[in-house]
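What follows is the residue order along each chain.
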Amino acid sequence: MNTKTTLVADNVSLRYGSKGSGVTAIENISLDVNEGEFVTIVGPSGCGKSSFLSMVAGFVPVSGGRITLDGKPLSGPGSDRGVVFQEHALFPWMSVRQNIAFGPRVNKVPAREIEKRVDELLELIGLTRFRDSWPKELSGGMKQRVAIARALANRPKMLLMDEPFAALDAQTRRFLQDELLRIWQTTKTTILFITHGIDESVLLADRVVVMTARPGRIKTIIPVPLPRPRDENTPEFTRVRKQVSDALLSELKMV
Amino acid sequence: MRDMIIRTLSLLAFLATWWLLALVNASVQWVPAVMIPTPPQVLEAGWDIRELVPGDIAISLMRVFEGFLIAAVLGVLLGCLSGSSRFAENIIDPVLEVLRPIPPLAFLPIFIIWFGLGEASKVLMIAFSAFFIIYVNTYQGVRYADPLLMRAALSLGASKRQAFFGIGLPSAMPEIFTGLRLGIGMAFFVLVAAELIAADSGMGFRIQEARWQFRVDRMFFGAALIGMIGFILFAVLKFAESKLLAWKPRREAH
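Just so you know, the protein sequences line up as chains S and V, in that order. Here the first sequence stands for residues 1 to 255, numbered as in our numbering. Here the second sequence stands for residues 256 to 509, numbered as in our numbering.
Keep in mind that the hints are not guaranteed to be accurate.
Unchecked claim - Derived pair list, reagent style SDA-like, types lysine to any residue, alpha-carbon separation capped at 20 Å:
id: 1; chain 1: V; residue 1: K503; chain 2: S; residue 2: K219
id: 2; chain 1: S; residue 1: K108; chain 2: V; residue 2: R416
id: 3; chain 1: S; residue 1: K108; chain 2: V; residue 2: F419
id: 4; chain 1: S; residue 1: K136; chain 2: V; residue 2: M405
id: 5; chain 1: S; residue 1: K136; chain 2: V; residue 2: L499
As the list claims (entries may be wrong) - Covered stretches of chain V (chain S as the covering partner; in silico rule of three or more C-beta atoms under 8 Å from a C-beta of chain S):
id: 6; segment: 268 to 277
id: 7; segment: 371 to 377
id: 8; segment: 403 to 409
Rather than coming from a laboratory, the hints here were simulated on the basis of the structure. Small disclaimer: the values here were computed from a predicted structure and weren't measured. Yeah, the Cβ is synthetic: ideal placement off N, Cα and C, and Gly gets one too.
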């Protein structure tokens with residue numbers, strides 16, 4: 001088992017507005033993520049879980065503490081972290097192929113290598129047939145699969161996913177969860193996944209991070225020692241789900 | 256399809272009403288018959304000056320294109336600048352906001368004094384008028400380019416420049432195109448006004464000339480000609496837009 005730490009968040013906090021009168025969105029989050037690990041973060045809405053992801057992605061600077069990836073402090077967004085957003089965020093004037101190729105292209109990867117990666121990723125997400133389609137011609141689930149492929153095209157160290165399946169219908173979501181697990185097992189990319197779905201968090205993760213209500217802190221981290229593929233109807237699954245929901249529920253009562 | 260039929264019928268009904276009105280007026284003589292020519296009379300008037308028409312169209316279109324080109328280049332350039340940089344916005348925007356509400360035609364006499372009665376004053380007048388609408392639309396489009404797409408581009412390793420030219424600018428294309436379309440409309444609008452006042456050729460001038468000759472039928476013809484040319488120009492632009500922006504999800508029909 002590989003247990004090399006890749007992402008380290010050390011005492012990270014986020015404040016909006018000026019000192020004194022500002023709002024603290026996130027307070028003293030410390031989290032280590034291991035290489036190849038799948039970590040989900042759940043929390044009440046407004047707890048700052050998406051803001052935390054934005055800081056890891058480099059969109060929002062930390063107000064305190066620091067985040068390092070493989071020992072290097074983060075400064076701004078970079079191609080070592082692929083981001084998948086809640087909305088697919090595909091470039092609408094680019095074909096599926098061009099969308100996936102965008103990352104390697106701006107990173108000056110040779111054209112041959114780009115073609116190879118695009119083909120591999122299209123194969124991986126099962127959308128080879130749609131390589132020349134426009135995003136508007138795809139269903140919601142297909143768009144999100146392309147978004148995942150696009151984020152993977154840079155061969156990032158981490159995949160950061162901000163409630164990527166929240167806008168999809170239940171069946172599509174279920175399908176994409178399985179797809180994501182399959183992709184994760186194939187590529188072995190470390191994944192940090194934000195969600196408000198308890199089932200989703202337990203189904204996917206090696207560890208579930210439960211956050212407190214505002215200001216966001218880590219309430220507890222629950223390991224999910226269940227073999228994959230997981231079945232939501234087993235007693236073991238139910239036990240972990242209850243652990244997560246109890247932790248969340250006590251948080252909701254305090255508000 | 257059904258829309259097209261209704262639209263065509265509406266147009267035909269309009270023509271018929273005009274024709275009927277002209278015929279009734281010719282027999283009852285509310286006003287002298289020459290004041291309201293029938294559609295065939297207007298066509299005939301056009302036929303009479305048929306040697307002049309191509310030249311008029313050419314010179315007018317030339318003025319529109321020259322003016323429009325200047326406006327488009329400046330408008331898109333400055334719009335991009337102030338849409339993408341707060342510093343540029345603070346410098347460019349206030350000046351333009353002050354000038355914008357002034358009807359461009361108010362500047363026409365000034366332009367004539369500055370640039371004379373030749374081509375320059377008309378072309379620059381057109382450029383000046385069309386500029387604002389192109390600038391504003393570009394500025395808005397670039398300024399409010401989908402921040403999510405910009406984030407996506409940055410997270411994929413794009414530099415700020417790459418994100419702007421690769422993502423910000425293309426995502427503003429629909430707005431820029433709207434600006435260009437409105438800009439052409441504006442250019443046409445001002446063209447005629449400029450030619451009415453200071454010209455010795457062009458479609459607008461031909462109307463003015465007909466007025467001196469008291470040829471209402473020719474005035475009608477001139478107006479119809481400008482309408483036709485404008486219509487064709489818009490159709491071409493619309494077509495180009497639909498090709499270039501084919502990626503855009505179509506808005507739901509209401």
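A quick look at each hint next to the structure:
1. V:K503 with S:K219: Status violated; Cα separation ~44 Å.
2. S:K108 with V:R416: holds, 15 Å
3. S:K108 with V:F419: Within the cut-off at roughly 17 Å; holds.
4. S:K136 with V:M405: Roughly 19 Å between the alpha carbons, so the hint for K136 (chain S) and M405 (chain V) holds.
5. S:K136 with V:L499: holds, 15 Å
6. 268 to 277: violated (count 0)
7. 371 to 377: It is violated: at least three residues are needed, and the segment 371 to 377 of chain V offers just 0 whose Cβ sits closer than 8 Å to chain S.
8. 403 to 409: With 6 residues closer than 8 Å to chain S, the segment 403 to 409 of chain V meets the three-residue bar; holds.
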